[in-house]
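Colleague: So you can see what is in the structure, the chains are spelled out below.
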Amino acid sequence: MKRRQVLIGWLFVLPFVLVVFFFLVLPLIYAGYLSSQADSLVGGQHFVGITNYIDTFKDPLFLEGLKRVAIYALISIPIMLSVSLASALTIDVIQTRLARVFRLIAFMPYAVPGVVAALMWGFLYSQQFGPIYWFAKKLGFRNLDMFDPNIFIYSISGIAFWAWTGYNMIVLYSALQGISREIYEAAIVDGASQKQIAFRIKIPAIRGAIVLTILFSLIGSMQLFTEPRILSRYTNAVTLGYTPNIYAFNLAFNQSQFNYSAAVSFALGLIVLVISYGFLLRNRRMADK
Amino acid sequence: MQKTLISGSFKKATVIFTTAAVASVVGFIGASAPAHAAAPVHVKVWAWYPNIKEVVAKYNATHTDIQIDWTNAGAGGDEYTKLKTCIKAKSGCPDVAMIEFQTLPTFSILNPFVDMGKYGASNADGRYAGWAWAQATSGTKVNAIPVDGGPMAMLYRKDLFAANNIKVPTTWAEYADAAAQIHKLNANQYIATYGNDPGWATGLMWQGGCLPYKYNGSTAKATVGISLNTASCKNVINYWGNLVSQGLVDSKPFFSTDAGADFDTGKYWTWVAAGWTPGYLSGVLKTTTGKWAVAPTPQWTAGADAQGDWGGSTFTVINQTKHPKEATSVAMNLYPPQKTIDAGSPWDIGLNSAFLYPLVTSVESNPAFVSHTYPVFADQKPNSIYIHVSKVLGAFQWTPFQDFIYSTLHDETAQAIAKKEAWSAVLDNVQTKVVAYATKQGFKVTP
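If you read the protein sequences in the order shown, they are chains L and R.
Using my numbering, the first residue of the first sequence is number 1, and each one after it goes up by one.
Using my numbering, the first residue of the second sequence is number 1001, and each one after it goes up by one.
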């Protein structure tokens, strides 16, 4: 009987297991194998162990891209999540039809595919057609160029802000709905203000959800690819190793360096794993205190 | 029920039509035709030429033995990504693939090409422009069939030069003078933008006598010549760098939405560009159509006749094909030699809708092409200028890692534009990085 149940259980998860195996585990194993080989344009493929990884961590292009996405994450995540959290707390308090409409509108950018969004922002940032330059010019900033290599990373932050703030807001708002209303009532009876309720009750209560949004944003930032790739036509900023993912893409598909590209991808994955795990561990320790 | 009736009668009509077509073909080329007509060979083609859909439709309507299944697998790099993947996977490639000239050695080193010489491709009759044929072949092997090119000339705002009494430059020294005069007239106007397109920069370097690459895939596959920091190459880049540093030439990338609009607003007065650029301009110009004209590319030495090319493409046959003969025939005849350019014919579409510059000589020298006018250039007949360029263009070679060179050149130039690097260091740095890369890839690098 027990055995039968186990079998049926496996049968239920089989479709998922198959998809994960064939489209995630198998490619990962193959990429792992590729990353341990060297293959030059002239001469064949041979085993080199971890040489590709040593090269990766010494590669200035990889490190430069890594540094760029790290700065990008440090700048964009705090701003984005602060706004998400503030919005979530606000619509949680208001609870009117207006709040529902706002929730829907704020979530809408998430429904726009990344490529389409990037193209759209190409126009919004344009000096000829875009409202941003038009405003800047009215304010006296005649030389603002959102595609200038020195500020392009902030332009991408803007796109990410637009795309993900609403999404994160919904995640946090949903978590807020899980808090029992009775706690608020008790707090109000005890004389707590809305501000105190927000900071003393709500935020600590949804700590898990906040950690989740930080983690997902961090992983997403480290893997930055679509926006710079699509907008590379508009700017001089996007170089060969602009972000680690762009570097891996260029290595594989423009330079046919599949092995080195696999190593770069794995190295990035490793770094993201270490950062994520470190972040979670630290957070758990803090929560335990 | 009614639906079935309609499709039934439609089928009947198709059968009648096909029978008539077969009958006329039999009458025309004799008894062997029915076997072909019975089961046409399907040839898969990847290409991104503008309006190619109509050219394919035309081909399929006029051929019974071969039918083309065409896919737009993306332009340039997007297609190459897919093509490299299917070559690596040893399956899934099309029979015929469009590849640009500068990318041919990048692919040929992966050995994906059918030698079309074995299936009737040759240039013995001067069917294709000589400079292009030289790039399409490797030793005796015919890797590619030239289709279109990009001989360079200078597009300029005829009205602005005339109204402001500035001489249309014929040398690069005059061009620099004009750049200063234009920017002095209006601080928001420039003679041009340095679009940081490596293919374009290479065309300008070519015109300046810079021939930086040596590669022969058939005799010495593992030896490559790289000399990007010679005097003639540096001369060209330093010239433009000087103009950009002084603020006399803008630095907006080509083909961006803004640069396109700027050609229409008078912000840019000239563009030394390719034979296919009028097609691009026709798409982006709204108010200045008819105010542009074409002049030969300014010369480094007054009175000289040095020229360059920017871009152009070929058809190749990938050796995964089961029908090399038919695929070769498609590569050669999708854009065929034509004595007359009738309305609706492949080159009528290629020239008048897609604005291709033809490398098929019978089309290049065709009176209909020579005397063609474009709304962008009002009543000027600019093609004689491009035809001359195509005629005098010399040999030029590419490397098997042109993409790496282009992206390095792009990135180093971007550094120079952002004032993080001296313009004079650009080609030195590219040379160093490219030599290091080539050596790592197992090549013996020679100057």
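In short, the hints are calculated from the structure, not lab data.
By construction, the Cβ of each residue, glycine as well, lies at the ideal position given by its N, Cα and C atoms.
There could be a bad hint or two in this list.
Unchecked claim - Derived CB-CB ranges, DEER-like:
#	chain 1	residue 1	chain 2	residue 2	range
1	R	1286	L	120	15 to 25 Å
2	R	1110	L	204	35 to 45 Å
3	R	1344	L	97	26 to 36 Å
4	R	1077	L	25	44 to 54 Å
5	R	1353	L	151	34 to 44 Å
Unchecked claim - Computed list of lysine-lysine pairs in DSBU-like fashion (alpha-carbon distance at most 35 Å, straight line):
#	chain 1	residue 1	chain 2	residue 2
6	R	1214	R	1419
7	L	58	R	1214
8	R	1082	L	67
9	R	1291	L	138
10	R	1082	R	1167
11	R	1444	R	1420
12	L	58	R	1381
13	R	1339	R	1391
14	L	58	R	1090
15	L	138	R	1286
16	R	1391	R	1141
17	R	1339	R	1322
18	R	1044	L	138
19	R	1419	L	138
20	R	1420	L	137
21	R	1419	L	58
22	L	137	R	1419
23	R	1420	R	1118
24	R	1058	R	1381
25	R	1419	R	1141
26	L	138	R	1267
27	R	1058	R	1322
28	R	1325	R	1167
29	R	1158	L	138
30	R	1291	R	1184
Colleague: Run every hint past the structure and note whether it holds.
Modeller: Hints, one by one, checked against the model:
A beta carbon spacing of about 22 Å between residue 1286 of chain R and residue 120 of chain L agrees with the range 15 to 25 Å that was offered as a hint. One distance hint, 35 to 45 Å for the beta-carbon pair residue 1110 of chain R and residue 204 of chain L, is violated here, with the actual separation near 59 Å. Restraint check, residue 1344 of chain R to residue 97 of chain L: a C-beta distance of roughly 60 Å breaks the suggested window 26 to 36 Å. Hint check: residue 1077 of chain R to residue 25 of chain L, Cβ distance near 30 Å, so the stated range 44 to 54 Å is violated.
Evaluation of the 34 to 44 Å hint for residue 1353 of chain R and residue 151 of chain L yields a pass: the beta carbon distance comes to about 40 Å. Distance restraint check for residue 1214 of chain R and residue 1419 of chain R: the Cα-Cα separation of roughly 32 Å lies within the 35 Å cut-off, and the hinted pair is therefore satisfied. Of the supplied pair hints, the one linking residue 58 of chain L and residue 1214 of chain R holds, its CA atoms being roughly 31 Å apart against a limit of 35 Å. A C-alpha spacing of about 30 Å is found between residue 1082 of chain R and residue 67 of chain L, which places the hinted pair at or below 35 Å, so the restraint holds.
Between the alpha carbons of residue 1291 of chain R and residue 138 of chain L the distance comes to roughly 31 Å, so the proposed pair stays at or under 35 Å and holds. For the given pair, residue 1082 of chain R sits about 48 Å from residue 1167 of chain R by alpha-carbon distance, which is inconsistent with the 35 Å threshold. Of the supplied pair hints, the one linking residue 1444 of chain R and residue 1420 of chain R holds, its CA atoms being roughly 32 Å apart against a limit of 35 Å. Proposed proximity of residue 58 of chain L and residue 1381 of chain R is contradicted: the alpha carbons are some 56 Å apart, above 35 Å.
Pair hint residue 1339 of chain R plus residue 1391 of chain R holds up; C-alpha atoms about 19 Å apart against a cutoff of 35 Å. Straight-line distance between C-alpha atoms of residue 58 of chain L and residue 1090 of chain R comes to about 33 Å, which keeps the hinted pair within the 35 Å bound. The straight-line distance between the Cα atoms of residue 138 of chain L and residue 1286 of chain R is roughly 26 Å, inside the 35 Å bound, and the hint therefore holds. Between residue 1391 of chain R and residue 1141 of chain R the alpha-carbon distance is near 23 Å, which keeps this suggested pair within the 35 Å criterion.
The straight-line distance between the Cα atoms of residue 1339 of chain R and residue 1322 of chain R is roughly 32 Å, inside the 35 Å bound, and the hint therefore holds. Restraint check for residue 1044 of chain R and residue 138 of chain L: not satisfied, since their Cα atoms lie roughly 54 Å apart, outside the 35 Å limit. A hinted pair counts as satisfied when its Cα atoms are at most 35 Å apart, and residue 1419 of chain R with residue 138 of chain L qualifies at roughly 28 Å. Restraint check for residue 1420 of chain R and residue 137 of chain L: satisfied, since their Cα atoms lie roughly 27 Å apart, inside the 35 Å limit.
Of the pairs offered as hints, the one joining residue 1419 of chain R and residue 58 of chain L holds, with about 26 Å between alpha carbons and a cut-off of 35 Å not exceeded. For the hint pairing residue 137 of chain L with residue 1419 of chain R, the CA-to-CA distance comes to about 24 Å; that is within 35 Å, so the pair holds. Annotation: proposed proximity of residue 1420 of chain R to residue 1118 of chain R is violated, straight-line Cα distance about 52 Å (limit 35 Å). With a C-alpha separation of about 28 Å, the suggested pair residue 1058 of chain R and residue 1381 of chain R falls inside the 35 Å cut-off, and the hint holds.
For a cut-off of 35 Å, the pair hint linking residue 1419 of chain R to residue 1141 of chain R is broken: about 45 Å separates their Cα positions. For the hint linking residue 138 of chain L to residue 1267 of chain R, the alpha-carbon distance of about 20 Å falls within 35 Å, and the restraint holds. Pair hint residue 1058 of chain R plus residue 1322 of chain R holds up; C-alpha atoms about 24 Å apart against a cutoff of 35 Å. In summary, the hint linking residue 1325 of chain R to residue 1167 of chain R is not supported, as the alpha carbons are separated by about 54 Å, beyond the 35 Å threshold.
Restraint check: the Cα-Cα separation between residue 1158 of chain R and residue 138 of chain L comes to about 33 Å, which is no more than 35 Å; the hinted pair holds. Between residue 1291 of chain R and residue 1184 of chain R the alpha-carbon distance is near 22 Å, which keeps this suggested pair within the 35 Å criterion.
When the structure is compared with the earlier hints, violations turn up for hints 2, 3, 4, 10, 12, 18, 23, 25 and 28 and for no others.
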